[in-house]
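Enquirer: Please build the complex by placing chain H on the supplied structure of chain X, with the hints as guidance.
Number of protein chains: 2
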Amino acid sequence: MDLQALIDAASTRDWDTDPEESVSMAVVGLGNYARNVSIPAIEAGDYTELGAVVSGHPEKADRVAEGHDALSLSYEQYAEGEEVDAYDAVYVATPNRLHLDHIRTAADHGKHVISEKPLEATTERARAAVERCEDAGVTLMTAYRMQTDPVIRALASFISHGGIGEPTKAMGEFTFDVLGGSSGPDQWRLDGELAGGGALMDVGVYPLNTTRYLLGTDPVTVDGIARATEPFGSKSEDPGSPRFADEHVHFNVEFATGAVGDFTASFTGKADSWLEIVGSEGRIRIENAFGVNSDREVRIDTDAATVELSDWGLNETVEEFDYFAHCLLTGTPPEPDGHDGLVDVQTMGAVYRSAATGKRVSVDMGPARSGD
Amino acid sequence: MDLQALIDAASTRDWDTDPEESVSMAVVGLGNYARNVSIPAIEAGDYTELGAVVSGHPEKADRVAEGHDALSLSYEQYAEGEEVDAYDAVYVATPNRLHLDHIRTAADHGKHVISEKPLEATTERARAAVERCEDAGVTLMTAYRMQTDPVIRALASFISHGGIGEPTKAMGEFTFDVLGGSSGPDQWRLDGELAGGGALMDVGVYPLNTTRYLLGTDPVTVDGIARATEPFGSKSEDPGSPRFADEHVHFNVEFATGAVGDFTASFTGKADSWLEIVGSEGRIRIENAFGVNSDREVRIDTDAATVELSDWGLNETVEEFDYFAHCLLTGTPPEPDGHDGLVDVQTMGAVYRSAATGKRVSVDMGPARSGD
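Those sequence lines, one after another, are chains X and H.
Counting in the numbering used here, the first sequence runs from 1 upward without gaps.
Counting in the numbering used here, the second sequence runs from 1001 upward without gaps.
Where hints are given, some of them may not hold.
As the list claims (entries may be wrong) - Example chain H residues on the side facing chain X (calculated, C-beta under 10 Å, incomplete):
hint, residue
1, R1097
2, D1101
3, E1166
4, K1169
5, D1177
6, R1227
7, T1264
8, G1291
9, S1294
10, K1359
Note that these hints are calculated values from the structure, not bench results.
Glycine included, C-beta positions come from ideal geometry on N, C-alpha and C.
Pulled out of the complex, with its shape left as it was, chain X reads as follows (with noise of 0.2 Å):
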């Protein structure tokens, strides 16, 4: 791929097949970025369409349901399977901790899943999302934007090709100012139980993901340093107190090729995002890497030339779920799936122990044997 193919390449969806059916979609949890941002996509998408929602909060369901003609579900009629014709799959957008149930529930219906990122909270209840949907023979993405971009793909496909020679290491960071006044999340994400740890479960896994997919390549061993102060790391015993080690983590990883990964992420400072990749004959660098639909800058940086990309234009959410509706409407099995948000749930979980003994932890022969 020379730079004249990936800059086409970035502007272009590279899986379209253009299937004349859609998907009707349930949305299981109606926090802010699903109702502001998921479902906005869902509806512009070619091949998906809102079928139901699901929340804790009939009102909210109603409001929601009826601004787009869709049916409004309590989480126990979900869980029950009522009206399960009125859907095709189901994306799970809930706290983290609570994925699993979601995603065993739609299985149990035969329903195929998106989940949101991270998989779930521990690498137990990621591994069992897995094999329940391996089980019920339904398909499993992780809901990983970043991987549905055009340029994204694009970039893969040119370091894949020897873009920028040898992949020798990545640099990231993600820095989401939740307290100082970064768009709000869901205050969830502050909640060390049900978001499964802090600013890494959160953000960090985003340059770990992207890398991941960049270089297409997997963790062997990582390394990592958490830090949090009040009121994360609070010691505090009242019920909806944020308790997590990591409102900063700093935190290395030696990929099977032999590239090493450096990556940061945190829950307070001065917010911004980007990723670096450097090999032996070019380095890539992604500005406003990891916002939703934010405003990215790549620049190439190689031995024969320097592109800078900016603009690409299509919307990387609704690119995300029509791919999901490719995937199931083609039998194609979606590249961002179950497997990889458990690899990315095992990395995180490795990355805790590290943070919590001082010591390099292998990926694969931690918590893959004991769940963590």
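Expert: Just chain H now, kept in the frame of chain X:
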């Protein structure tokens, strides 16, 4: 310090007291850097002049000395104190592993010393250099040119006055493509014995030391990963074979303030260098950060404004030697003193131990007791 004061300070010496004398320098070691960067800086300085050059190659020494109206000495003549009245102070620019010998000689003759970074190849030898100079009552400065650059000095002051709120993390990289065509280093940098290591000792020290300076804090623990391919990691016993673990190094540093830095350095790969400091209310990014007299660009992004500085006009190596001379002439202890250099060598020794053992290493508990 407000942003305007920062901008003003960035183009001004903050230490100048205009002494009416100058310091005559002996330059020990005539490699590329000494000949092409340091000697011209000494000649250009307000308070420095070249008194003598010392080399193992008499013809080279004579040629350099002639061109600069200076004496020419062999290493033996220097060690024996010949022509000691021709210079007031010594600049040591030999391979790292030889710094101590030449620093000892200078101290024996009551000469002040500025030594290239890293201060030595091992903690034990770096500490011996510091102690010898203390015992002799001579000044020892480590040649950290970043610390005498007016912009970096202005940034340190800006940060210490709360310009970016509470500093929480630092990230940085120095990739110097030694084999691939970056401006050629002296070959001893590829000799693990003479250099004390690989990319970490030669270029990784820049983001480490500059972060320590900007944040005004020292390392407490480190962890690191080092990787090398042929020829760097060769096990060959051939004389002259480069052998070190760190063609690539990634390391995290926990600082005493609670801030954490993650840094990477490489001897191969597409070259670049940068440093980024993140605080609760702002961030600072330095592009083209560490190359000598490179075209740096600094972006300061605070809650109040974004400022970009470039082309600050003062030559950092002229500043470095003039600052050293200023310190001698005014009896001011230099900020980048021998202890400053020792802390970095000690920290890097801990990174190497972490890379070898897979464990986070306390900087104080390690090489401080046993040497390395």
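Enquirer: Are any of the numbered hints broken by this structure? If so, which, sorted upward?
Expert: As far as the earlier hints go, 1, 2, 8 and 9 are violated by this structure, in ascending order.
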